[in-house]
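Protein chains: 2
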Amino acid sequence: MTTRQDCDVLDQEDPLRELKHQFDLPTGTIYLDGNSLGVLPRATLGRVQEVIQKEWGQDLIKSWNTAGWIDLPSRIGDKIARLVGAAPGELIVADSTSLNLYKVLSAAIGISQQLSPERKLMVSERSNFPTDLYIAESLARQHGWTLKLVDHVDEIPAALNAELGVLMLTEVNYRTGYRHDMRALTAATHAAGALVIWDLAHSAGAVPVDLKGANADFAIGCGYKYLNGGPGAPAFVWAHPRHAERFWQPLSGWLGHAAPFQFTTDYQPAAGIKRYICGTPAMLSLAALECGVDTVLAAEPFGGMAALRKKSIALTELFIELAEARCAKLGVRLASPRDETKRGSQVCLSLDAPLHEAGYAVIQALIARGVIGDFRAGDPSRLAEVPHILRFGFTPLYIGFTDVFDAVEHLHQVLSLKEWQRPEFQKQGAVT
Amino acid sequence: MTTRQDCDVLDQEDPLRELKHQFDLPTGTIYLDGNSLGVLPRATLGRVQEVIQKEWGQDLIKSWNTAGWIDLPSRIGDKIARLVGAAPGELIVADSTSLNLYKVLSAAIGISQQLSPERKLMVSERSNFPTDLYIAESLARQHGWTLKLVDHVDEIPAALNAELGVLMLTEVNYRTGYRHDMRALTAATHAAGALVIWDLAHSAGAVPVDLKGANADFAIGCGYKYLNGGPGAPAFVWAHPRHAERFWQPLSGWLGHAAPFQFTTDYQPAAGIKRYICGTPAMLSLAALECGVDTVLAAEPFGGMAALRKKSIALTELFIELAEARCAKLGVRLASPRDETKRGSQVCLSLDAPLHEAGYAVIQALIARGVIGDFRAGDPSRLAEVPHILRFGFTPLYIGFTDVFDAVEHLHQVLSLKEWQRPEFQKQGAVT
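Order-wise, the sequence lines are chains X and D.
Residue 1 is where the first sequence starts when you use this note's numbering, and the numbers rise one by one after that.
Residue 1 is where the second sequence starts when you use this note's numbering, and the numbers rise one by one after that.
No wet-lab data here; the hints were simulated from the structure.
There's no promise every hint is true.
Identical copies go unnamed one by one, so any copy, or any two together, can satisfy a pair.
[As the list claims (entries may be wrong)] Keeping only pairs whose Cα atoms sit at most 30 Å apart, straight-line, the calculated DSSO-like set for lysine-lysine is:
| no. | residue 1 | residue 2 |
| --- | --- | --- |
| 1 | K79 | K54 |
| 2 | K120 | K427 |
| 3 | K418 | K274 |
| 4 | K20 | K418 |
| 5 | K54 | K342 |
| 6 | K342 | K418 |
| 7 | K427 | K274 |
| 8 | K54 | K120 |
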C-alpha cells in the first residue's frame, strides 16, 4: 500500500507542483470540492480591484473601449476554447450554464426541425444535472417534443434511433463522475441522423476535451468549477461553425446583435458565436473568470490538459486504492467507475448498510477536520442504483498526493471513531 | 439668470449634499452619464474584497449557507422593492434586463393566451431601447404574435384595443428622457383587457415608482444605471402577486426550482417571484449591486425617492435654463420634454443645422474637458423627429448645482470656440 512517504516523493517529483502557488488556499484545509466551486486564484483580487477602482471608478463608461470590456466575452472565450478543442472565435462567455443550454437546445431543436420535422424526441439521462433537465423540459413543452430520460448509460445506444432529434448529455456526470465517450457517442448520434449537445460543466479544465475532433454540434460549460472563476462565474457556449449561423437563438439581447451600437429596431444576429451573447455581461464576475481560466492555461508549458489529466488520474487512482484498502471494512464502497477512462476528476464513495444513511454526517465530520467534500443524496426509490454518495473532486492544479493520503486518513478516523454520530454533524442548512 | 454663486448657495442648502460622499468620484470630472453607468460607491471595493478573500477564498462552498449567498437575490430584491413600490418577497435580482424581459414577456403572453386567446398583438415604441424590441421580436416570432411599434406617444391610446394582448413600455425613454404616466397607461391598458410590462431601466433610483399603486402587471429593471451596481450588474424582475404563480416562465433553471437542493428530475417552480431566478447568480457582481442599491436607500432618512426626485427636477430645470440662455444662439435646442412631470432624470439636447452632425464631436470635446455625457445617433430617415442627441444624466445623489453650471460653461466654450472641430474628436471606437 502507498505510504505517506511515497506520497511525499510523488509530490516532490510532480512536474505540476508549482501551479499550486497560483492559489490562496485556506490554511488547514484539504479542498476536494473544486468540482463544485473552484478555489481563489491569487491574481483575482488584484484584477477585480483594478476593474473596480480604475476601470469603473476612474474611467467609467470609457472602459467599454479603453479597457476592452466589450471584447471580454470573446477574449475569455478564446482562452477557454484552447481547453476544449475549439478554435478562436468559436466560443464565447455569457450568462449561466442554464441559459446557455436554453440557447443551444433551442438552436438544436430548430435545426433538427428544419432537417427532419418528423423527429420530436430529445434524450438525456435521468442522472444528468437537474438544471439541464429543467431547461430541456421547458423547451420540450414549448415545441411539443418529448424528453426521454434513460436510467442507464447502456440504454443510450438504443435511444439513438429515427425518432431522435437531439441527444443532450453532460460529459462527466456530476454525481458519479462517470465520463462518456464523447467521440463515439457523437459519431453514433450523427449516424442516427440527430444532433448532440455536450455539457462540459465537469469537463472544462478537468479532462481533455476535443469538441472539433469529436465533431460535436454544441457545447456549454461552467466557469466556477474547474475553471476557478469564482462563485456564480459566467458560463460559456460553443457552436460548431457549421451551426453557429444557422439559427437565431431566442434570447436575442442587444449585445448579440450584429451592430449593437447602431441601436436599430430590428434584430439582426451577430456573425458566428457572438449571437449567443444576450444582455450586458456582469463585468466584475467576468474579470474574475479570466483569472481563473488563466490558472488552467498556466499548465500549458507543462503539457496542458494532457498533463493535468495524467496527474488527475494518478490522484483518483491513489484515492481509490487507499480508501478501499483502509476503509472497505468500515463500509466504504467505490461509487464511481473503476476504469479511469470512464471517470472524470472526481471519486464518489457510498456507504454500505447499516451506515448508508450516515453519508451526510460523515461529510460534515470530514469538513470539521478540514477535508472538504460534499454529500449528494440518492434516489430514495432506488437506492441500490442511485445511492447516497460522498463526493470528492481532485483538481490537479492544487491537490497533491499527500493531500489524498491525509484525506483518507481523516475518513478512516471519522468512521473508525464513529465521529459522524455527533449531534452537530446531523442534517441542517439550505445548501447541502 | 442663475449665477455660479447662486449654485453655490443651492449646493450648501441642499439637504442631500452629504450623500455625495458615498462615492469615489473621479477627480476633475463632472459625470453626467449615471443613466448609462452609475459611479463607484466607496463601500463596494471593501465588500467585494470580503466576498473574494473571506467568503470565497477562505470559506468556499460553505458560504452558500454561512454568508447567505443563496438568499442574496431576495435580500437585494427586497431593497430594490422599497424603491419601486413593491412589497418584500415580490421582487428578485437575476440575470440581465434582456433575460428578465424574456421571462416576464413570456409570462404575459402566456397569461394573455389563457384569458383571451384571440389577442395576438403586442405594442411597444419604436424608440424603446433596442434590446427590449429584440426580445419582443423573438417572442412574437415564437408565439405567432405581431409586434407593433408606434412612432409617437400619442398613438398609444388608439393601440389599446381589443386586439392588444400586451403593452410593453420603458417608463423613461433612454434617448429623450420622456417619462410615461405609468398609472394612467396601466389603467387604460387594463380597461382594454390587456396586460402591461414596465421596463424601469431609467426609473429605478431615478424617479419615484409605485408599481403596486399603479397596479402594474410586470416590471424589470437595470442594476448598473441609477442603482450604481457596477458594469453589467445583475438586473431585477417583479411580477404582481396576482401573476407571480400563474405561469412557469421558460428559463427554468435550477435555482428557480421549489427545492433546488433536492436535485429532482422534474421541474417544479418555486413559490412566488423566486421562480424567476434561473441559474447560479454571479456572486461578485451581485455583492457590488447591493452596495449600489444601498447608496440610494441612504436617501431614505432625507425623504427617499421623493427628495431625490425634487432635487433631480431642480438640476434638470437649471440645466435647461442655462443651456438655453447661454447656448441657444450657438445652435443648442432642448430635445427632452420641457414639462418636468414628463421627464426622467436626464436632459437631451440637439444641435440645429449646420451643426446637427457635430453632436458626436461636441460630446468628445466635452469629455476631454471632464464633462461626461454621451451621444446617441438619430434616425437618418427622419432626423426631424429623431435627431442626433447629446444626452446628459443628472443623478441627484452625487451631482450638484455648481456641476450643472460648470457643465453648461464647458458646453458654451466647446461651441463658441469651435473646439469640437479638432480632428481627435471625430468618430472612432466601438462603443459610442
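Legend entry - Violating hint indices (sorted, rising): 2, 3, 4, 5, 6, 8
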